[in-house]
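If you follow the hints, you should be able to join the two separate chains into one complex; please do so.
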Amino acid sequence: MTEYTQDQETFRDVVARFLQAKSTPADVRRLMDTDEGFDRAVWQQLCREVGLAGTHIPEEYGGFGFGPVELGIAAEEMGRYLYCSPFLSSSVMAGYAILNGASEANRQKLLPEIASGSTIATLVLDSVNAPEQVGRQLRATGNELDGAAPIVTDAHVADLLIVVAEGKEGLDLFSIASDADGVAIHAQDALDTTRKLSRVVLSGAVADKIGHLSEAGLEKTWNQISVALAHEMIGGAQQLFDSTLEYTKVRVQFGRPIGSFQALKHRCADLLLALEWAKAVTHHAAFCLCAGEEPETASMAKAMASDVYMEAARAAVQLRGGIGFTWEEDTHLWYKRAKASEVFMGSPHMHRERLLSQIEEAS
Amino acid sequence: MSPEDVRKELSEWLDANWDPNRPLIEWRNILVDGGWAAASWPEDSYGRGFDVRQMAVVNDVFSEKGIVGAAQAGPRRLAAETILAHGNTDQKKRFLRPILTGEHAWTQLFSEPGSGSDLAGASTKAELIDGKWIVNGQKVWNTSAHHADWGILVARTDWDLPKHQGLSYFLINLKQSGVEVRPLKQMNGHASFNEVFMTDAEVAAEDMLGTEGEGWAIATTTLSIERQGFARGRNQRSPREAKEGSIYVEFAEELAIANEPYSWYPQREGRPDLVMKRAMDTGAINDPVVRQEMAKLMSMSRAAQLAAKSAAAIRKAGSNEVVPAGSIGKLGASVIARQSAHVHTMISGADAMLSGSDSAEAGVIAETLVSVPAISIAGGTDEIQKNIISERVLGMPKEQRMDTGPFRDIKRN
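Protein chains in written order, with our numbering: chain S, 1 to 363; chain P, 1001 to 1413.
Extracted from the complex, chain P is given alone in its bound form (with noise of 0.2 Å):
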């Protein structure tokens, strides 16, 4: 289909059912029966398989008449995407309508405290029991935990194989009495993320995600997806301006639940968007040092916007490298962060060690200061990136291994 087609179709379609005052749960089911709730997913699973044009298209006639999409903020869009890409057809029916509707949130229960860059090492415990099976173990860092209605987990189902093939990925309910969802406060003040509990907690037989053992494999998809958005950055919807209709203020509800946790998420990447500006207001503008790491901080800037686009490029004529390009960006985005952070304290000098809403940019650039440490560790630290670009992007040969042979016998913490 032509941009031309998808444009005349989708508006012809958006006139006829297009009411802003519907709820919001109600026009999301009436997006997605009418297929563009979701366009670039298959035609089997709510989509119409649009490429990357055609989906250009779509995003800007939403965005002209001002109309409410499907949902997507939050950590939904990695269940939506894993689901998709490994789901049986039963699970797709069943998991991604509630996803596009928002009728569930979601949250990932992957790290633990024993296991963090380690992911594979996970000793969460999954058995078969009647016909269920029963989850005990604990999980953190799960942003959003504490208002999700399901959660992604990896979870050992057999202790005897090696560490990597003894996991499986399942679909939770977190609303249930073994789950329990604790709070988990940062160095920077907020509490974005959680501990997760989960004690003789059950899961449906047929909520496991693929086959029993195949969790690290389907993990890893989720993985890649997670390392993508870290390279682009948050591409959260802000709340329309004020518009006529309810459906509005039943979105920006939606909205300002899911994207609380985020609110810190541009100061972890060194708002490097303020430097002209504060060092024109300081007058460390003139300052030649300052300066050059301001042209320093600039040039990575434009690089990495280049280079992700001609990483783009490459995957769109056909190229599946998607792990190893989202690596490079992310630690690219680390690199950035840092440097911006320095210039920011270059520029503030002694102010840098005030913080609060009478401190610069309103404590934004206090709270960046505090902040950037979280890009090189989340999703990933730096250094489990450069491993992963050094084997597989440059082919070096893989360190010698500590923690093969039955999971049960490798030492951990």
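The shape of chain S in the complex, shown without the other chains (with noise of 0.2 Å):
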């Protein structure tokens, strides 16, 4: 059941006091302003020390070993403090992918520099709305990939792209360095600047094809960088909520601490009920995917967390009033974050018909 161990608390404080240190609004504001857009010494130190970009990664590979939950922890503090990093990018997405879909000899090379964090790699997907779209615009040619991806976090500072690509059987799994030949990286103006995104162009580029991505292997992709995604935003959404509540208690308009009034209170009940539930399927779908059970967790996690998280940005900004809605206020940094990520690897209304699917076909 969705009871955390001694370990995993004692490993989510870890991570929360390096990112509460290291991971300040000012840190925030002043990163998402660079081209880069993280912190590359701060992100060395936090695989140093802390291991993270191999949480999950199997200790063959280089990892940590560990599974979902943890990774979930880490996740979920890290969008409390909204670090800015490849660990989404590289670890989860890249991570899983190859886990997923590579062969035994390319595990062996490609993991253990991702799970060290000395290599930045990024997973090139044609399509972040649903997995169905996924290989209509990335086409392989042998070991030739032609298309576009328009949406790709961190490819700007990724040294290698791992490629989902249409081939003559399906998708394949590619790798390819981010200066090869053919590849052309874009930056694209992100709403959330905080999690830079790139068009990325392959023309006649020359890859190495790493394995094969079957259906149900991109399911299962998907389904658990949904769930990791999911945990991100109830931290965000979480954060949001004990700032905003905060704020309800010192503000005073009318003689009085604006919380005393019934009309935000019940905004703020009805929130952490929302904010209880979308916790409890989330760490229950990391639980799931560890026992391999009810597999719709996946999407009834990313869409219940999708909606509590822009609920909670929604109401962050409008109980804040006039001082919720400048640049000042730290508020919209989280705000943007959500609105990204409620639509980012299917946005609510694809998982919760992703979900009846699946409870359709399993009844």
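Among the hints, a few may not be true.
Claimed, not checked - Computed list of lysine to aspartate or glutamate pairs in EDC-like fashion (alpha-carbon distance at most 20 Å, straight line):
hint: 1; chain 1: P; residue 1: K1132; chain 2: P; residue 2: D1158
hint: 2; chain 1: P; residue 1: K1398; chain 2: S; residue 2: D270
hint: 3; chain 1: S; residue 1: K249; chain 2: P; residue 2: E1391
What the hints assert, rightly or not - To give an idea of the interface, some chain S residues facing chain P are shown, with a C-beta separation under 10 Å as derived from the structure:
hint: 4; residue: R12
hint: 5; residue: R256
hint: 6; residue: L264
hint: 7; residue: C268
hint: 8; residue: E293
hint: 9; residue: R352
hint: 10; residue: S357
hint: 11; residue: E361
Worth flagging that the hints you see were computed from the coordinates, not collected in a lab.
Backbone N, C-alpha and C define an ideal beta-carbon position, used for all residues, glycine too.
Structure, rendered in structure tokens:
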């Protein structure tokens, strides 16, 4: 069940303490205005001292050998502190795709460097809307890749691109250096500047074919990424909720704290319920990934976490009133992450349709 | 005691004592004397102080062997748990046994026409005259009052104190001439509740629970137990499958009476369990808009289950945050019921205009649509739950009150 062990709680504390010191709102603001978008020294320190990049990568490939639960814990804390890093792109997205699709030799070759943080990778998907749309734009002819992926996270800082492209027999998995011939990476203006986006265009780029991604493999990868992302989102939602609640207790209007007004109290109570529900499902979804049970909980978690993050973000701006709409107030940083995460790797309505189909099939 | 030891001792005890042809009350007295009627209760109150794990074994053994347990149905549980928490030795001795054996049925006498959400604004009056409490006033929403023997009553004993301080908690015998019970018909056509009129009704001095002025504090215990019931859903045990033995006949009769007021309770929870079947039967499963709403409902239901489990885990770990956990769960049940009724309406379309045995699911869907408003009112409205959550869980500041000072000076209905 969704109860954390003492070791897992300790792991959470370690990550949280590190990020509290190294990912303050001032740090986030400084980094989001840079081209790279993250602090290499801090990232390297986190990889070296906590081993974070290899959290869920098995020990035989140089990782920590933890599972989706610990990965979720790390992601939740990163979401709370809005930590800017290639963790999601490299460890979670590229890492899981290689684990699910690459041959043994390629896992041996690629994963240790991702797990140590010495290589930054990203997963190039031509659709981040729905799994069934993957492979419509990126094509493989032998080892030559052509096509474009309009939204790729952290490609601008990646050493290695892990590409999913449609080959003769379905989806194949490729790796290619980001500076190889035929690879063009165009930075995009992102709504959420704490997570950088690029358009990746491949024109006859010659890549290494590292494996095959079956339909089931893609679905599994999509679920794993969705659950990690859901954790990141509930961490962010919790942070917004906590800071907004605090604000309603200290902000005074009409001679009383605004938190004493029932309109605000009831909104906060509703939000607490939604947050408790989303957390319960998200934590459970990670346990389900471990146990290989209830695959529909991944989509359930992503949909609920998306909805509650946006609900918390809207409340965080609204309950602060005018100050909430200023650039100076930090709330908009999380608001933008909430909006971007809502639609990244599938919108809530895509995930709801997906979970209903899964329940239907199971029944 | 380890779960294995519990199983062994109980099984041996049952082998020696259980006889399905004993009269029901006689059997339950044996059960009480053996310490198995309420094993989770403390040892000085007929129990064994068992924890959740040990109780799970007890319940398993009872269910495996088809044993009839202590009386549990209806509001008697609220009375029992409250007396257990606040009663003196004499009261526990006198009242708990007949509750467990089923000899006494109980009702709850809290709400009044003039004080619903504002329960502490009760104006039923209790005066001490010649060593007896004389009660005058009207109560409402009293489940099962028409066949209850006793009531848990909150009444005002001091009109000069602030409203929460002037209340006392009584155990009142309803089988007396000063008490009149009338049924109350609801918007869904059922009459599960009653109005209770008390005119110079009498309560013996020793039947006050706690001390004078402690009524509100004790009532919050009862309310918190009630809310946990809402969050968990009712666990009324239906009669066992036909088994040999006269005791099952008696037990089924008892349950039929006790459960009658609750026949529509599953419908007030919105019947999410019927949604998939109805969507398949009608073809609404192919409507993408309906599918979205179904997915939302299923997610909420799953989340509520999971959240309740972790709330139970937190309580087990030693936290005493019982009231807020109940409030969050109860609020969640309202949200789910509304969403479910919404989905049922989408699925039925114009057929939702029909009711009665020829309509969908033999009238269950129609009854659902007119029963869900109850869940966000009964046991404390959603709005009251949100006040409790925001103030006690989230620590938000209380609103300025208009009801301070002596109760007799406060504006009321």
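Below or equal to 20 Å on CA atoms is what counts here, so check K249 of chain S against E1391 of chain P. Given pair K249 of chain S, E1391 of chain P holds - Cα atoms ~11 Å apart, limit 20 Å.
Going by Cβ atoms only, is C268 of chain S closer than 10 Å to chain P? For C268 of chain S, the interface hint holds, since the closest Cβ of chain P sits about 5 Å away, which is under 10 Å.
Interface restraint verdict for E361 of chain S against chain P (beta-carbon cut-off 10 Å): 12 Å, violated
Given hint R256 of chain S near chain P, where the shortest CB pair must fall under 10 Å: 7 Å, holds
L264 of chain S as an interface hint toward chain P, with CB separation required under 10 Å: Where the cut-off is 10 Å and the nearest Cβ of chain P is about 8 Å from L264 of chain S, the hint holds.
For the hint on R12 of chain S, just tell me whether its beta-carbon gets within less than 10 Å of chain P. 16 Å, violated
A closest beta-carbon separation below 10 Å is what the hint needs, so does E293 of chain S meet it against chain P? Since chain P brings no Cβ nearer than about 13 Å to E293 of chain S, farther than 10 Å, the hint is violated.
20 Å Cα cutoff - pair K1132 of chain P, D1158 of chain P: Answer holds: K1132 of chain P to D1158 of chain P is near 15 Å, not above 20 Å.
Given a cut of 10 Å on the nearest C-beta pair, is the interface hint for S357 of chain S held or broken against chain P? 8 Å, holds
Has the given pair, K1398 of chain P with D270 of chain S, been kept, meaning a C-alpha gap of at most 20 Å? 17 Å, holds
Answer holds if the nearest beta-carbon of chain P is closer than 10 Å to that of R352 of chain S; otherwise answer violated. 4 Å, holds
Comparing the model with each numbered hint stated earlier shows that hints 4, 8, 11 do not hold.
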